[in-house]
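The lines below spell out each chain.
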Amino acid sequence: MSDNLMRVQPIRNGTVIDHIKAGRGRKILDALELSDKGTTITLLMHVPSEKNSSKDVIKIEDRELSEAESQKLALLSPGSHVNIIRNFVVAEKNVAELPNSISDMAFCSNVNCISNNERGAKTNFTIANAESLNIQCVYCGRKIAEENIEFI
Amino acid sequence: MKHVVSISDLSKKQILSILKRAKELVPVAKGKKKSKSLDGKILATCFFEPSTRTRLSFETAMQRLGGTCIGFADPSATSHLKGETLVDGIKMVAGYADAVVLRHPQEGSARLASENSEVPLINGGDGAGQHPTQTLLDLFTINEEMKKLKGLNVGMLGDLRYGRTVHSLSHALANFDNKLSFISPDSLSMPSYVTDDLSCEWSSHNSIEEVLDDLDVLYVTRIQKERFPDLEEYKKVASAYIINLDLLKNAKSSMRILHPLPRVTEISTDIDDTKHAAYFRQAFNGVPVRMALLEQLIGGKK
Numbered sequence: 001m002s003d004n005l006m007r008v009q010p011i012r013n014g015t016v017i018d019h020i021k022a023g024r025g026r027k028i029l030d031a032l033e034l035s036d037k038g039t040t041i042t043l044l045m046h047v048p049s050e051k052n053s054s055k056d057v058i059k060i061e062d063r064e065l066s067e068a069e070s071q072k073l074a075l076l077s078p079g080s081h082v083n084i085i086r087n088f089v090v091a092e093k094n095v096a097e098l099p100n101s102i103s104d105m106a107f108c109s110n111v112n113c114i115s116n117n118e119r120g121a122k123t124n125f126t127i128a129n130a131e132s133l134n135i136q137c138v139y140c141g142r143k144i145a146e147e148n149i150e151f152i
Numbered sequence: 001m002k003h004v005v006s007i008s009d010l011s012k013k014q015i016l017s018i019l020k021r022a023k024e025l026v027p028v029a030k031g032k033k034k035s036k037s038l039d040g041k042i043l044a045t046c047f048f049e050p051s052t053r054t055r056l057s058f059e060t061a062m063q064r065l066g067g068t069c070i071g072f073a074d075p076s077a078t079s080h081l082k083g084e085t086l087v088d089g090i091k092m093v094a095g096y097a098d099a100v101v102l103r104h105p106q107e108g109s110a111r112l113a114s115e116n117s118e119v120p121l122i123n124g125g126d127g128a129g130q131h132p133t134q135t136l137l138d139l140f141t142i143n144e145e146m147k148k149l150k151g152l153n154v155g156m157l158g159d160l161r162y163g164r165t166v167h168s169l170s171h172a173l174a175n176f177d178n179k180l181s182f183i184s185p186d187s188l189s190m191p192s193y194v195t196d197d198l199s200c201e202w203s204s205h206n207s208i209e210e211v212l213d214d215l216d217v218l219y220v221t222r223i224q225k226e227r228f229p230d231l232e233e234y235k236k237v238a239s240a241y242i243i244n245l246d247l248l249k250n251a252k253s254s255m256r257i258l259h260p261l262p263r264v265t266e267i268s269t270d271i272d273d274t275k276h277a278a279y280f281r282q283a284f285n286g287v288p289v290r291m292a293l294l295e296q297l298i299g300g301k302k
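Protein chains in written order, with this note's numbering: chain Y, 1 to 152; chain G, 1 to 302.
In case anyone wonders, no lab produced these hints; they're calculated from the structure. Yeah, the Cβ is synthetic: ideal placement off N, Cα and C, and Gly gets one too. Do not take every clue at face value.
If we take Cβ atoms under 7 Å as the criterion, some of the chain G residues that face chain Y in the derived model are [stated by the list, open to error]:
1. T85
2. L86
3. G89
4. Q106
5. E107
6. G108
7. R111
8. L112
9. S114
10. G127
Listing some non-contacts, in silico: residues in chain Y with all C-beta distances to chain G over 12 Å [unchecked claim]:
11. K37
12. T42
13. V90
14. M105
15. L133
16. V138
17. E146
So that you can see chain Y by itself, here it is in the shape it has in the complex (with noise of 0.2 Å):
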């Protein structure tokens, strides 16, 4: 773990999400509704980083990243490190890749299209542009920006 991460007092259970693009931090606690969760969140933004030139890190206490948290992360920002962290030590380090695509992570914005529609159906969209985060609907091919995307 670098020196970044003793700038507030090491955790002992939980998750460190690491090397996040600079700024986009508050944007993931958002979307992995972090915040609302009741544990003690830490957040640090624009930390002076080797690798970029600044980055963000956000710690949650005694709560380990879902399967499902992992990879919207690795939508907002894919090169992420997740630390998962046991009686300080880490326990697990995996790098958030950004897929091909997602599958029941977001809603499309086409209120005709059958995925918003039909009961039971689930979303699915490609990754149409990786360097803005584009994402297209499989079915209706709508494709939604990521300021525009509505994570479920």
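Given chain Y's structure and the hints, the job is docking chain G onto it.
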């Protein structure tokens, strides 16, 4: 090729092969020759939204090839109203038939249905989405009328914003190296998500007079009243895009007019008897084109 949901599911080679076979099937489509190539096969036509031409031409195509049809023209007589999902309905129908044609008011319904159908699923129009067999018959008609499919200047007139037929046709024509001229009021212009993906030369115009004399094909679509909040505005726009004999004086003599039908006032009936009018032949062409597609999907032999 298993399902046909979007025209982009078909390669250029597959499209040309369907058009070639459709040409051979014209005498069968007209009832002058007999065929049994789909003898014993059953096509299910599931129309959750009314359509005359698409449904009747599919049923004609199937029967001309010796097959039979089951299905419904209106969801009011089905379990749909009892709350059955589309997926449940398709799984059931796929067990009864060799192929399914689906028309549904919601975008993406055909893709969802194809994921749940064991037999080939053909999209007969899904909301404002795709209608690939319309595009195939449009391409066939242009090829028949102009004796080629590339190097043409094709004008598209009317409601280019909501008209699904012009969106799919634009993509298909672009892949065959044609020039496209989009003619519409600003409020109904071709959306950028269509033009962004076009690989050919194209231009936008407000008036038909600007481009008419250069066109080889003019594809006219209906401007729908319900797209306008104000009836006066609709009348003004609709009257500015009417094709009549007087206007056609400036057109090339070989220029052909296509229209997916039904038409209202956008093409004056005095055009019907001129050599420019190709729209009734176009409507007929739905039969041989759908025959060729059905043969390829469920015909068994090459």
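message: Hint compliance check: list the failing hint numbers for this structure, sorted ascending.
response: 3, 9 and 16
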